[in-house]
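Asks: Sequence:
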Amino acid sequence: MLIETVNDLDAWTALAAEWQELVKRTHQKSPFLTYEFQRVWWQHLGGGEWQAAQLNILVGRGDGGRLLGIAPLFRAPNAAGQLGLHFIGSREIADFLDLIAQPKDLPAFIQAVCTHLREAEPALWQRLELDNLLNTSASLTALRQVALDFGCKFDVETLQPSPYILMPETLDAYIESLGSKQGHELRRKLRRAVRNPEPIEFEIIEDKALLPAALEDFFSLMRQEADKAKFLTPLMQAQMEAIAHATFDGGWLQLVFLKVGGLRIAAYMNFDYDNCIWAYNAGFHNAYAHLSPGWLIMAEMIRWSAAHGRRIFDFMRGGEEYKYRFGAVDRFVQRAVISKT
-11 MLIETVNDLD AWTALAAEWQ ELVKRTHQKS PFLTYEFQRV WWQHLGGGEW QAAQLNILVG
49 RGDGGRLLGI APLFRAPNAA GQLGLHFIGS REIADFLDLI AQPKDLPAFI QAVCTHLREA
109 EPALWQRLEL DNLLNTSASL TALRQVALDF GCKFDVETLQ PSPYILMPET LDAYIESLGS
169 KQGHELRRKL RRAVRNPEPI EFEIIEDKAL LPAALEDFFS LMRQEADKAK FLTPLMQAQM
229 EAIAHATFDG GWLQLVFLKV GGLRIAAYMN FDYDNCIWAY NAGFHNAYAH LSPGWLIMAE
289 MIRWSAAHGR RIFDFMRGGE EYKYRFGAVD RFVQRAVISK T
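When you line the sequence shown up against the working numbering, it's residues -11 to 329, in that order.
What the hints contain is simulated information worked out from the structure, not anything from laboratory work. Among these hints, one or two may not hold up.
Calculated cross-link-like contacts (lysine-lysine; reagent style DSBU-like; alpha-carbon spacing at most 30 Å) [claimed, not checked]:
| id | residue 1 | residue 2 |
| --- | --- | --- |
| 1 | 196 | 169 |
| 2 | 196 | 247 |
| 3 | 218 | 196 |
| 4 | 141 | 169 |
| 5 | 17 | 177 |
| 6 | 141 | 328 |
| 7 | 17 | 92 |
| 8 | 247 | 12 |
| 9 | 169 | 92 |
| 10 | 92 | 328 |
| 11 | 12 | 218 |
| 12 | 216 | 247 |
| 13 | 247 | 177 |
| 14 | 177 | 216 |
| 15 | 328 | 177 |
Per label pair, the in silico range of CB-to-CB distance [as the list claims (entries may be wrong)]:
| id | residue 1 | residue 2 | range |
| --- | --- | --- | --- |
| 16 | 39 | 169 | 40 to 50 Å |
| 17 | 237 | 158 | 46 to 56 Å |
| 18 | 222 | 184 | 29 to 39 Å |
| 19 | 4 | 179 | 44 to 54 Å |
Backbone N, C-alpha and C define an ideal beta-carbon position, used for all residues, glycine too.
The task is simple: from the sequences and hints, build the whole structure.
Replies: Right under this line is the structure:
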């Protein structure tokens, strides 16, 4: 397999159509691996998370130049000053990252990438630091084997849980799956919402002309929580706005609101991708906590997902208690590191 290095934007742009086709067939699907997301992340470098970074995408091609794999990487020093190769999207902005290849091509692609790095670009890296791999990823086994073959050190660190819900066919079936205590509580909150003096509505932004104002409301709701207000620096807000516009144009942004009397009191920024809902971020109005907006908007998102045949509601990274209250089960994101010895 021939490995090519893409290290300028024009060459990356020329790869866009092939990238988009391969990501549809890759072994570990994720909205964060799409060309749209990766490109807009690079424009803002994770909302300022990275400063010095150089593009270093490795592309594997087979007979006739057919694209077989993409290692979406960049070069940057780590906190210890060691020159590392990292996934585009590392670390905070993209929940799930991986190498892009079909299952049948993945082991050979990883072998070819690591051979290329060892023989053709040995001075350009000291560590291959791959964040946010799901523990179910086949890349972990292949990377471990290559490290062993090459006499390199291989380490895996579990970073965070990543809970998800397997979707039932209806909201009622979902509530039943929660068990009697949680199911009863959710039904009680839904009945109370119906009796609320002001109408409670669920809204999905589908008109791009409404997106800028909707994003302002979304960020305003995020800032109601102190940690998220700190997170939303001007650079980070610009990054998230760019992600929202790129994914809207790609057809898989799901920006949803819960409204009371026309006022938006809760919001989720999701990705509706690969028949799954990926819950990216959320915000809630503190003054309406008595209405349990988190419970209500979750119920409506589950109702919508079930009605539209989505198979997973993915809470993504983070072990917050509320995710398990809503019936989520765990898998984990990990960091794999190959170090020269």
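Asks: It remains to establish, for every hint, whether it holds in the given structure.
Replies: Checked hints:
no., hint, in the structure
1, 196 x 169, "41 Å, violated"
2, 196 x 247, "19 Å, holds"
3, 218 x 196, "28 Å, holds"
4, 141 x 169, "48 Å, violated"
5, 17 x 177, "35 Å, violated"
6, 141 x 328, "7 Å, holds"
7, 17 x 92, "15 Å, holds"
8, 247 x 12, "35 Å, violated"
9, 169 x 92, "45 Å, violated"
10, 92 x 328, "28 Å, holds"
11, 12 x 218, "35 Å, violated"
12, 216 x 247, "21 Å, holds"
13, 247 x 177, "15 Å, holds"
14, 177 x 216, "26 Å, holds"
15, 328 x 177, "56 Å, violated"
16, 39 x 169: 40 to 50 Å, "49 Å, holds"
17, 237 x 158: 46 to 56 Å, "32 Å, violated"
18, 222 x 184: 29 to 39 Å, "37 Å, holds"
19, 4 x 179: 44 to 54 Å, "50 Å, holds"
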